[in-house]
Each structure stands twice: as structure tokens, then as C-alpha cells.
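K.L.:
Chain by chain, the residues run as shown.
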Amino acid sequence: MFHATPAPAAAASTTSTTSATAATAATAAANAAVDGILAELFARLGNRQDQLLPVLHGLQDSAGYIPPDSVPAIAQHFNLSRAEVHGVITFYHYFRTEAPPRCVVQVCRAEACQSMGADALLEHAEQALGCGLHGRSADGTFGLEPVYCLGHCASSPALTINEAVFARVTPARFDALIAEVMATGTREAA
Amino acid sequence: MTTRIWVPCDSAALAVGADEVAAAIAAEAARRGLDIRVLRNGTRGLLWLETLVEVEMPAGRTGFGPVDAADVPALFDAGWSREHPLALGLVEEIPYLARQQRLTFARCGITEPHSLADYLAHGGYRGLRNALALAPADIVATVTASGLRGRGGAAFPTGIKWNTVLKAPGTEKYIVCNADEGDSGTFADRIIMESDPFVLIEGMTIAGIAVGAARGYIYVRSEYPHAIARLEGAIALARHHGYLGANLLGAGPAFDLEVRKGAGAYICGEETALLESVEGKRGIVRAKPPLPALAGLFGKPTVINNVLSLATVPVILDKGAAYYQDYGMGRSRGTLPVQLAGNIRHGGLIELAFGVTLREILYGYGGGSASGRPIKAVQVGGPLGAYLPESQWDTPLDYEAFASLWAVLGHGGIVVHDDRADMAKLARYAMEFCAIESCGKCTPCRIGSTRGVEVIDKIRAGTGTPQAQVQHVVLLRDLCDTMLGGSLCAMGGMTPYPVLSALNHFPQDFGQAGIEQHGSQRAA
Chain V
264 MFHATPAPAA AASTTSTTSA TAATAATAAA NAAVDGILAE LFARLGNRQD
314 QLLPVLHGLQ DSAGYIPPDS VPAIAQHFNL SRAEVHGVIT FYHYFRTEAP
364 PRCVVQVCRA EACQSMGADA LLEHAEQALG CGLHGRSADG TFGLEPVYCL
414 GHCASSPALT INEAVFARVT PARFDALIAE VMATGTREAA
Chain S
57 MTTRIWVPCD SAALAVGADE VAAAIAAEAA RRGLDIRVLR NGTRGLLWLE
107 TLVEVEMPAG RTGFGPVDAA DVPALFDAGW SREHPLALGL VEEIPYLARQ
157 QRLTFARCGI TEPHSLADYL AHGGYRGLRN ALALAPADIV ATVTASGLRG
207 RGGAAFPTGI KWNTVLKAPG TEKYIVCNAD EGDSGTFADR IIMESDPFVL
257 IEGMTIAGIA VGAARGYIYV RSEYPHAIAR LEGAIALARH HGYLGANLLG
307 AGPAFDLEVR KGAGAYICGE ETALLESVEG KRGIVRAKPP LPALAGLFGK
357 PTVINNVLSL ATVPVILDKG AAYYQDYGMG RSRGTLPVQL AGNIRHGGLI
407 ELAFGVTLRE ILYGYGGGSA SGRPIKAVQV GGPLGAYLPE SQWDTPLDYE
457 AFASLWAVLG HGGIVVHDDR ADMAKLARYA MEFCAIESCG KCTPCRIGST
507 RGVEVIDKIR AGTGTPQAQV QHVVLLRDLC DTMLGGSLCA MGGMTPYPVL
557 SALNHFPQDF GQAGIEQHGS QRAA
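Taken in order, these protein sequences are the chains called V and S.
Quick note, the numbering used here runs 263 ahead of the 1-based positions in the first sequence.
Quick note, the numbering used here runs 56 ahead of the 1-based positions in the second sequence.
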């Protein structure tokens, strides 16, 4: 659906090595998956513009992110320009345009959490994960992001690990939670 | 006989291990062969006691907290008696709760939030039944007479807003609930949505009948996935039982609701930006007029209210305008759900009639700071609210009293900082927050916030000549004045509140230049 204009990378890959061909196959499979997700969302939600955010949410929920390649198809469905769709995607902090790491840690940076040591907790997280805010750990497992208020201001500081919320988080509790992720795989949202 | 034990399922309890506690209780009861049923209530709002476990006893529901899963075997060993160190006695008699005046939050923590039967058993939907027997204008008149004001910050009288929509021409009208609660220190909306979702649904349904709207939207922030799931479950139940849909309770008008999920933009808490977002656009503020009451969602007349305003409507329609009016002081009628948070020993939700002082909240309820150090500054009303020094803590919680201090009561959120707080750093944070979250439509907010960060950085660095440092402070005040007067909405227009209040009340944190400027301002 959104391959109406072939990506330059796909065109170039016809002359590349076997591994690149495998990568292209994987990309094609991912693209087909996104096509399927969008087709289902379009059929269910219709094409009134107020369904744009629900479509973007649905795509991110299923695919993990909003692939930039999907913008033309979304724009066409809603009869909007690509710039308008791009503008909406980039306006909202929640939408991501690249695949997330296996484990996303979001540390609350709002004032109530700051008053209970969120800055020190963030520093600890940066050291423990080996990456700064908006960064990823060297092996790509962890990503560290800011978030502004999880509504746990009376049990601060708070953070999320793959959308599961934890409050009253000390550096020691942070280490225990990360150790649990390492031991059991990704901690699922509660 | 089965003993009932309640373990909260509010996300504040889940965040400190409530699911693990519930599982441990069920497992321990099974191991001991005890006949126990674990129920999942909402939260009472005594958040420092989470996980607050309640056990059904002959005298009433007895509390234990804060309970960790590891405490569970010992609690069973002690027979859940008053002898156990975590025992709190009857929950209703805990002073923090017993001294509150709960109208909006009357059911929170008592009922199971996903049970319509529980809601009905505790007085739910009596307000809607009364409303269905009234003419729309009479419902609006009741809300107006109650004195209810919007809980979003501007404190506009709810009944007057509804009346504008009622009288607006056209048959297509909407009810929009602003559930984009994103202010640091506020969690009252989240508690309502997670602990008593039907009360919000009932309030919106009454609003729909009152103004002639057949459709409503609840715009909830993406940071609240539990609230979204709880609301969607409750809406489906209400629809199934005829409390939403084509004919309310089989005979009334049509009204239905849907939840719309936000996407992490603070500005969408501003009502016109929120409407843009529901329409599928970037959340950019609209110029007013026209008012949303006349040209709101999809250009149609729209009631847009905060969660707490709408969730308070059922009790007003149930018990009458006079009942609600009797609480409060001056022009601030009814109760204010105060949210006490940050560096405080006993943080939580406190619903009280307007008029209690900040000091009473901080010490009488909050028990002082969590760190045990002196409290230095208290920010009231979210990240755009002023920082109040101790000299202002005897102010009563009342919209007009706060306005006279050049402060805002806003949504009733209170964030406490102890004496280690660096107020210049917090002022910088307010500007940085505005720079990140500005929708970009107007220049004072978009550019002013970035320049604000830069100038505060220069003041904090303290490397300029004394004259240059004073000039930076003068410039900061000038910039704040421009943002205050020139911004299109409260985002840029209120960022100066935390910045200037920090500068005025805590000049020492801005170095010598702050002190000199403060002195010259005072002399002027």
C-alpha cells in the first residue's frame, strides 16, 4: 500500500550481496506487516480526520512505531498532505518514528519527582544503563527517555519500564528492577 | 463465612506492588485453608499508606498499610489483628480521611471501580434519574445555583458555560471532558477515572441531557493507560445496561461516549488545543473568540469541562444545589480536591471545603516534609503555578485569595520542596518546560521560553560583571512581562508565575544580582 513510491534503498539493493538481500526480504516482510495493520485500522476507523490519532496509536501499538514509509498511505487515506500527517506525528512526544529498543525506561522529570531526588535517580539510571537521556545503551537493549508526570506525585520519584509504572524508586530499587528485566526478558506492562 | 479483603487496583498502589500483595494474600489464604475473597477496590487517596489493605471485620473495614507482599505471612500469623505494627484501625476513622469532606470522591476506595452494581449500591445514577425528570434549563439552573466552578484553572462557573451551549443554535452539540491532567502534583483526575469511572460517565451524561448533546468525548493523556482501560470498561458496561446509548434508561434522549487517547503533549490540556487534537490535528491553540461554547468541536457548540467539574455534577443533581453550596467560602463554593505531593510525609488526596489554609494542609494533614528537613517552597497549581514562601502559607485555599497573592489555585495540586531546593534551578526548569511544550503558535511563548532559559543560565553561572548580572535579572523580568501580556494562552502567559515568584521570594538563590534587583524593585 505505501510502496506506491519505491524507496531508493530498495532499488539499490538489487545489485547487493546475499546478506543485503536477506535484509531486504526482512524489510519487505515488515512493510507487508505494516500494510496489513493499516488496512485493518482504515477499515475499522474510517477516513474522517478525527480518526488520524487513533490510526497512529493503533499503528504504534501494533508495529512498535510509526514507520516514515507509512506516511504517504496514511495521508492518502485521510485526503491530507504528507506534510500535514508528518506535522501531526512529530508534534506529539508519544509517537516514535523508529523501532524502540527492547526495554524503554522513562524517568519522570516533573517538579514533584524532582523534589524527591529524580535528578539523582536519572543520573544513576544513566550510569547503570550506560546512556544519556534520549540515548540507547551500547548493546541497544535499553533506551532512556524523559516523561513529564505519571500522576504518582505523592509517591515520587516514579518511572516506567515498558509502560509498567513504579513509584518510590530508589537507586537500589532501580537496580533490582533492571536486574529483573535482564533475567526474565522484557518486563511486561502491568 | 467468607472474609472479604480489599487490595486497591489504582495505579498508585500498583506502582508500589499491590498486585503482588493481592496475589500473596490469595496464596497465603489458600495455603492455610482460609475462606478469603480478595476484592480490588479503588484508592482512598491515602497514598503514603499504599498498599492499603482493608479487612472486613465486625466493626467495619480495618486497614493495614503500607503492606508489602513480604509482610503478608506475618499479617496472617497475627490474624490481621490490631496488634500488628501495620494495623491502622478502622479506615473511616483514620484522621486524614475522617477530617475530609468527600463529595466528589465519596465512593473512591470504597467500591470496586469496575462494578456497576457496586456503583448503584452506593448511590450511583441517582443524579441522572433526577436529571431525566427535569427540563434541560432546570438542570443548568441547578448546576449554576450550586456555585460549581471549573476545576481546570480558570475557575469559570460551570452552569454559565452550560447555559451558553444550551442557548446556542443548532442541534449538533458535544460534551468534551478534558482529562489531560498533566500538571506535576495533580492526580485527582486519575483517581476518579481509575477508582470511580462511572461518576464521570454519569456527570457527562447529565451534561449531555442539559445542553442537548448526544455525543461526548473523554480526552485522556497517553501517560494514563490504566485510566483509559478502566474508562473503556466502564463505558461498555454502562452502554450494556442502558445508561448510555440510543435511549437513556429506555426512555430518555440519546447520549454516548468515547475515549480519545492523547499523545504526550502538555499543551493539549488547554481547551482549544485539546479540541484541535480530537479533530486529528496538531494541538495548536485557537484564538478566542469564538468561545468553544459557541464554536467548539468540529465547529459546533461544545461544553468542555475538567474531569472534576463533570464528576461533581452527579452529587449536585442527587442532593441538590443548596447541599453543595453550603460548603466553601466567598465565591468558592463546594469542595476542593487538594492533591498533596512532592517532599511531604503524608502525600495524597484531601477533599475539603474551600477555605482551609495551606499551612494546615502541609502540617495538619501532610505531617511536614518527607525528608524531615524544613519546607522551603510550595508550588500550588501545577508547573505554571507560583512558588509560595512560608510567609504566605496562612492563605486560605480560595480562588480569590490566591489571585490577590499573584498566585493560582488551579487544579489544587500542591508540590512541596524542602530547604535543599534551588529556586533558580526550578525557575529555569519552568522556562525549559515551556520551551519543550509550547505549541509554537505565538512568539512570546515559543521564543520567550528559550530566551528565558538562556538568561537564567547566565544569572546562575554568575560569571558576568555585577552590572551585567543585574542587567540579566532586569531582562528576565522584562521577558516575563512580555510573556504574561503577549501570549495567546496560559502556557506562555503563566510560565512567569513560577519564575517571578521564585525570583521575588527567594532572591538569594539567584545570587547577588537577584538580591539587588529584588531590593530595587521593592524600593520602586
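Don't read these hints as lab results, they were simulated from the structure.
The model shown is predicted, which means the values in this text are computed figures rather than measured ones.
One should not assume that every hint holds.
SDA-like, lysine to any residue: derived pairs with alpha carbons at most 25 Å apart [unchecked claim]:
| id | chain 1 | residue 1 | chain 2 | residue 2 |
| --- | --- | --- | --- | --- |
| 1 | S | Lys317 | S | Asp374 |
| 2 | S | Lys497 | V | Asp382 |
| 3 | S | Lys481 | V | Pro409 |
| 4 | S | Lys481 | V | Leu308 |
| 5 | S | Lys337 | V | Gln314 |
| 6 | S | Lys356 | V | Leu308 |
| 7 | S | Lys337 | V | Thr433 |
| 8 | S | Lys375 | S | Leu222 |
| 9 | S | Lys337 | V | Gln390 |
| 10 | S | Lys375 | V | Gly309 |
| 11 | S | Lys317 | V | Gly309 |
| 12 | S | Lys337 | S | Lys514 |
| 13 | S | Lys356 | V | Glu347 |
| 14 | S | Lys337 | V | Arg431 |
| 15 | S | Lys337 | V | Asp382 |
| 16 | S | Lys317 | V | Ala285 |
| 17 | S | Lys317 | V | Asp382 |
| 18 | S | Lys337 | V | Leu308 |
| 19 | S | Lys481 | V | Gln314 |
| 20 | S | Lys317 | V | Phe358 |
| 21 | S | Lys514 | V | Asp382 |
| 22 | S | Lys497 | V | Val367 |
| 23 | S | Lys317 | V | Gln390 |
| 24 | S | Lys344 | V | Phe358 |
| 25 | S | Lys497 | V | Glu386 |
| 26 | S | Lys375 | S | Leu188 |
| 27 | S | Lys344 | S | Asp474 |
| 28 | S | Lys317 | V | Asp324 |
| 29 | S | Lys317 | V | Thr433 |
| 30 | S | Lys375 | S | Ala491 |
| 31 | S | Lys481 | V | His340 |
| 32 | S | Lys497 | S | Pro346 |
K.L.:
Holds or violated: S:Lys337 and V:Gln314, Cα atoms, limit 25 Å.
P.N.:
It holds: about 10 Å lies between the C-alpha atoms, which stays within 25 Å.
K.L.:
Given the hint that S:Lys356 pairs with V:Leu308, test it: the Cα-Cα distance must not exceed 25 Å.
P.N.:
Holds: S:Lys356 and V:Leu308 sit about 22 Å apart, inside 25 Å.
K.L.:
Is the Cα-Cα distance between S:Lys337 and V:Asp382 25 Å or less?
P.N.:
Between S:Lys337 and V:Asp382 the Cα gap is close to 34 Å, so the pair fails against 25 Å, i.e. violated.
K.L.:
Verify the proposed pairing of S:Lys317 with V:Gln390, using a straight-line Cα cut of 25 Å.
P.N.:
Given that 25 Å is the threshold and the Cα spacing comes to 33 Å, the pair is violated.
K.L.:
Sort out whether V:Asp382 lies within 25 Å of S:Lys497, counting only the CA atoms.
P.N.:
violated (31 Å)
K.L.:
Given the hinted pair S:Lys356 and V:Glu347, is their alpha-carbon gap at most 25 Å?
P.N.:
Measuring from Cα to Cα gives roughly 23 Å; hence the hint holds.
K.L.:
Within a Cα-Cα threshold of 25 Å, do S:Lys375 and S:Leu222 meet the stated pairing?
P.N.:
holds (23 Å)
K.L.:
Straight-line Cα separation of S:Lys375 and S:Ala491 no greater than 25 Å?
P.N.:
Outside the cut-off at roughly 45 Å; violated.
K.L.:
Is the Cα-Cα distance between S:Lys337 and V:Thr433 25 Å or less?
P.N.:
It is violated: about 39 Å lies between the C-alpha atoms, which goes past 25 Å.
K.L.:
Could you grab the alpha-carbon distance between S:Lys344 and V:Phe358 and see if it respects the 25 Å cut-off?
P.N.:
violated (29 Å)
K.L.:
Just to be careful, I want the Cα atoms of S:Lys481 and V:Gln314 compared with a cutoff of 25 Å; is the pair within it?
P.N.:
violated (41 Å)
K.L.:
Is it true that the CA of S:Lys337 sits at most 25 Å from the CA of V:Gln390?
P.N.:
Violated, because 38 Å separates the two Cα atoms, which is more than 25 Å.
Of the numbered hints listed earlier, those contradicted by the structure are 1, 2, 4, 7, 9, 10, 12, 14, 15, 16, 17, 19, 22, 23, 24, 25, 27, 29, 30, 31.
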